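Take the given structure of chain F and dock chain U to it, following the hints.
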Amino acid sequence: AQSVAQPEDQVNVAEGNPLTVKCTYSVSGNPYLFWYVQYPNRGLQFLLKYITGDNLVKGSYGFEAEFNKSQTSFHLKKPSALVSDSALYFCAVRDVGAAGNKLTFGGGTRVLVKP
Amino acid sequence: DTAVSQTPKYLVTQMGNDKSIKCEQNLGHDTMYWYKQDSKKFLKIMFSYNNKELIINETVPNRFSPKSPDKAHLNLHINSLELGDSAVYFCASSQRYGGGRNTEAFFGQGTRLTVV
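Listed in order, the protein sequences are those of chains F and U. The first sequence runs 1 to 115 under my numbering. The second sequence runs 1 to 116 under my numbering.
Pulled out of the complex, with its shape left as it was, chain F reads as follows (with noise of 0.2 Å):
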């Protein structure tokens, strides 16, 4: 089985400050990862992924994750918070060893950056 935990319900931060969501994964195979993020009324745009290679990959607006294979873990990133990403953001896990390419994802995340 594989899951996504988000710890953090809501994210508040100060524009031009740095900005991290959290997010832990559990799979039993190895991981591919991604963040997507999703505004009022809209559908998801994917950020980012990890398939393999280096550990830090840089997605659109800016943004980047680090994968941790030790402690499970992809946090997305940015240096430089804009009101404008102000949205849900969901990290998501498929484990390359399952049927299906299911993609499960966590509970979101709100980011809210503050003028």
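Hint data in this document are derived by calculation from the structure and do not stem from the laboratory. Keep in mind that this is a model prediction, so the values were computed, not measured. The beta carbon of each residue, even a glycine, is placed where N, CA and C say it ideally should be. Do not take every clue at face value.
[Claimed, not checked] If the Cβ cut is set under 7 Å, some of the chain U residues that face chain F in the computed set are: (1) K41; (2) F42; (3) L43; (4) I45; (5) E53; (6) I56; (7) P69; (8) A105; (9) F107; (10) Q109; (11) G110.
Using the frame of chain F, we list chain U on its own:
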């Protein structure tokens, strides 16, 4: 040139009715999915199809019946709608490549279903 499109965007219907949601993707992907997002924003997979073949059925009530006429379309038909079916339903697609892996999934805008 929308990549994954769903219709309708909003659907309000009475309990007991039967309704369908349509999904089409123009990305050339061979795998399509239906996800349900509940009122607490929790996302859960319902179905996955690869080349029109059902791959995942996550213990969804059999009132929900997906239909994939071709690999670009995955429709969701719901019989005897219940209040608890109210949610946002997302269609998504991805492409399977070597080693059983898939690209990231691309999502539609969602269909907000309200059962009254």
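Each hint, compared with the structure:
| no. | hint | verdict |
| --- | --- | --- |
| 1 | K41 | 5 Å, holds |
| 2 | F42 | 6 Å, holds |
| 3 | L43 | 4 Å, holds |
| 4 | I45 | 5 Å, holds |
| 5 | E53 | 11 Å, violated |
| 6 | I56 | 4 Å, holds |
| 7 | P69 | 21 Å, violated |
| 8 | A105 | 6 Å, holds |
| 9 | F107 | 4 Å, holds |
| 10 | Q109 | 4 Å, holds |
| 11 | G110 | 5 Å, holds |
Checked against the numbered hints above, the structure breaks hints 5, 7 and satisfies the rest.
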